[in-house]
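Sequences listed follow chains L and E, in order. Each residue of the first sequence is one higher than the last, beginning at 0 in numbering that gives the first Met the number 0. Each residue of the second sequence is one higher than the last, beginning at 0 in numbering that gives the first Met the number 0.
Treat the hints as calculated values from the structure; they're not laboratory data. Just so you know, not all the hints are guaranteed correct.
Have a look at the derived ranges for each label pair, beta carbon to beta carbon [claimed, not checked]: (1) E:Gln13 / L:Leu633: 15 to 25 Å; (2) E:Ala61 / L:Leu633: 22 to 32 Å; (3) E:Val96 / L:Phe20: 51 to 61 Å; (4) E:Leu12 / L:Thr637: 17 to 27 Å.
Cβ atoms here follow ideal geometry from the backbone N, Cα and C, with glycine treated the same way.
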Amino acid sequence: MAQYAWLIPLLPLISFALIAFGLRRSPAASGWVTALAVLGSLILSLSIFAQALGGGCVQSVCIDQSYDWIPLVGSPSLAIGIRVDALTALMLVVVTSVSFLVQVYSTGYMRHGADDDPVETNGYARSYARYFASMSLFTFSMLGLVLANSLLTIYLFWEGVGLCSYLLIGHWHWRPEAAAAAKKAFLVTRLGDFGFLLGILYLFSQAHTFQFDQLAQMAASGLIGGTALTIAMLLIFCGAAGKSAQFPLHVWLPDAMEGPTPVSALIHAATMVAAGVYLMARVFPLLVHSDLALQIVATIGAFTAIFAASMGLVATDIKRVMAYSTISQLGYMMLGIGVGAATAGVFHLFNHAFFKALLFLGAGSVIHLVNSNEMFASMGGLRRYRPVTMLTMWIAALSLAGIPPFSGFWSKDEILAAAATRAMPLYLAALVTVFMTAFYMGRVMFVTFYGEFRGDRHTLEHDHGEPMSMTIPLIILAIPSLFTGLWGAPFLGSGFAAFIEGPGAPEVATRLDVVVLSSALAFLGGLLSWGMYGRGSFTIPERLTAQLSWPHHVLMDRYHLDHLYNWIASRVVLGLAWLAGQFDTLIVDGAVNGIGARTVQLGSVLRRLQTGQVQTYGWVLFAGAVFLALLVALPIVTAGHL
Amino acid sequence: MPPAAPPLYPITLQHGLILGALLFAIGIVGALTKRNAIAILMSIELMLNGVIVTFVAFARHAIPSDLTGQVFGIFIMTVAAAEAAVGLAIVIAVHRVRRTVEVDAIDTLQG
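With the rest of the complex left out, here is chain L (with noise of 0.2 Å):
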């Protein structure tokens, strides 16, 4: 099966084909297309995932295949090329079946577009195609990325979901928050980029080789190591901190909520961000030879965790809380690895991609109603209308809090078991982290579906309640985040890690005190939101606001990074680029402009020189044979020879 890996990115590239050229004209048809594409990916990779499962690839790798891009002389050619193995296929299971639920989802949540999207006559927004268009672009490029067998191709469609997660934060490009926020996430993610691609080169440099595998052998080997190797997965993990939204390169994905609420469930929730954990997976063989790296790799996650939870506590739009909360499980996953639990890190990934894209498109169901992503203001008791949303989301609500037995619960446990046996600090600022998770959770949830409905009456009067094509992806989503859980639970043989490590896999470290201290933690948090928000009244927050205005004001104010960042862009940069553009004006142009002027003074003297007068030529040719003639004479004639 896995031969025709190749052709689980390529379905998603024909209709993002289809459509941009095309089916513009045509929107219902696009919307189809691209769920129908996808759906084509997903049922290939469930076979593939199949096939992995079965033990049916050598050494756990089904295929590993390279094709040469751009032969070079006397250096290895660039090549690209796929590798599928147990990494992978589970990959692939995630995105094509998020992709695809998002999709079906996207269907009834664009069909109308924002409130000030133009609607078609045919009933469909106007940029109801092109953003069918984007997704399948997108798709396209984050398969790419997970097949990837080497850092040159992985880089190339890296770059790709960095492109279409623009597009798509832009997708409401007339609104000006929008268009900043798709600048600020393609710039600060290009800020990471640019590490990464310093890293590939350096890594190349010192291995002739982008290969994942040969990368590996050559780090286990001993061929590479030592200052080079930190050096190289430093500047990697720069790329990974961007897109991954780590500290402190973070400042972009809760501004990337400007976008359509599908694509923050796809992309800045489930894939994409993902993709720097995948990537920092990828390399895992590597990095474990430099302690170095791993430590800032598990010190800067357990950072972001703590950092971006804290923000999650305050904040009152319900995709930003959202997106605070995806950025502190990223920094969880990076922590796993960082303290050398690469699986339980991917683990917490797979879970993460399922219960986070449930909340997030339970966030748009709620969003669709109210028409609003303020909590408070516009939400509240929304459980008499969306029930379905309400119970799905508190199963995705309870597996991120890391309640027992839901999926979160498990992935979560095993990164602070790792962490617990190598990192003490760390691991006391991830259990803080979840006591803040299960509050900001609780907190969203009572206040969004308990009490009274504090927005305006009128948005609710014409809802007809919300399209199937909304309702089902979410009770789809609801069974991964109760079960998937199960399959890394020691108790029943902890196979996940078996699967990804393969047959010989060490034990998964359990240690019951910190099952129990997590679980009491997260049960502390969600029963003070509960005790906080849950009847109804605010008098408490209110109250706790008052008194702690300053470090409210500096929560609410993102620890001022954002103002910070404008300063330094705004006065350090442009500082720089002012002086350095008196430099090219005065010295550089200077210079040029200097030389050119001398050239025409001294022409204007010599042009005096041509007179035009053809006689004049022929006098000064006749003279300079003359003078040749004597010169070759006269000595003979001296000389006496003649």
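With chain L fixed as given, assemble chain E onto it according to the hints.
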């Protein structure tokens, strides 16, 4: 038949060279001083003739067994005829455009 008596005043190499130099000098002075383009063309013909005379004189006295110099002279005459044809054509073309053949009036290339 008795052999011809040697001439009373034989034509020596110097005679030929002086004649050639005179022709060339007259030609170059004419070419550089005349204003009429036709006169300049004629002067150039004179210069070429001076060259031919020099060639023939050298050929006659330096290598009497060979006719190289004389053949060269014939070549120069041929080329000179072609040159005169082209030169006259240019003069006529210039005259059509500028209504003059005075070379000091034709100074479009002045810097």
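Checked hints:
no.	hint	verdict
1	E:Gln13 / L:Leu633: 15 to 25 Å	21 Å, holds
2	E:Ala61 / L:Leu633: 22 to 32 Å	23 Å, holds
3	E:Val96 / L:Phe20: 51 to 61 Å	59 Å, holds
4	E:Leu12 / L:Thr637: 17 to 27 Å	23 Å, holds
Of the numbered hints given earlier, the model fails none.
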